[in-house]
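Colleague: Heads up: the sequence shown begins at 965 in our numbering, then just goes up one per residue.
Since the hints were derived computationally from the structure, they do not count as laboratory data.
Derived DEER-like restraints, expressed as beta-carbon distance ranges:
| # | residue 1 | residue 2 | range |
| --- | --- | --- | --- |
| 1 | His1045 | Leu1087 | 23 to 31 Å |
| 2 | Pro1096 | Pro980 | 36 to 44 Å |
| 3 | Pro981 | Glu1094 | 36 to 44 Å |
| 4 | Ser1112 | Phe1151 | 34 to 42 Å |
| 5 | Leu1088 | Glu1033 | 28 to 36 Å |
| 6 | Pro984 | Glu1136 | 42 to 50 Å |
| 7 | Gly1125 | Pro1096 | 17 to 25 Å |
Yeah, the Cβ is synthetic: ideal placement off N, Cα and C, and Gly gets one too.
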Amino acid sequence: MVAAEAAALDDASSSPPASPERVAGLVRAHYPFVWRLLRRLGLGTGDADDAAQQVFLSATPKLGAVEPERERAFLYGVALHVGARARRSLGRRREEPLEAAAEREAREPDAHQVLERREARALLDRLLDEMPEELRVVFVLFELEELSTPQIAELCDIPIGTAASRLRRAREDFEGRVAREEARRRFSGGER
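The task is simple: from the sequences and hints, build the whole structure.
Modeller: So this is what it looks like as structure tokens:
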């Protein structure tokens, strides 16, 4: 969490509550970002829905202490904490085994394409889940959320150079994981 947001939260009890309009606007403007972030932090679809609601429930009482231009950074910090707590409580449970998904999708029209997308998403989720958290967060924010390095540095409360270094290391880490996965599939005869 950014230092300014942490200080603001310490004073949150003395600040006026946010208006219902501001809270509704916050949810409309930032729910997709929070949900995608939670998904990329390793939560399944249903768990991300629940955790996103928890992010906004946790953020609402403290919102009066947050300046409007800092809302996204504030929500990022809350989402990291809620996501980490949710992952700990869920362990490594997955929503649906890949085999069950394949059987269900095989009965639907264009099942092959749907299955390939599902497998690709499951592979991406698994590869991201295996990355060290400090690298995964920077990678997700840059590559999937399309934030700039300075924005990432601000959100993570780290120097720009550190954000750039983590992004470089994250890309190398991710590319290595993809290469190992491709080699594993070729070796096991899993290439299609």
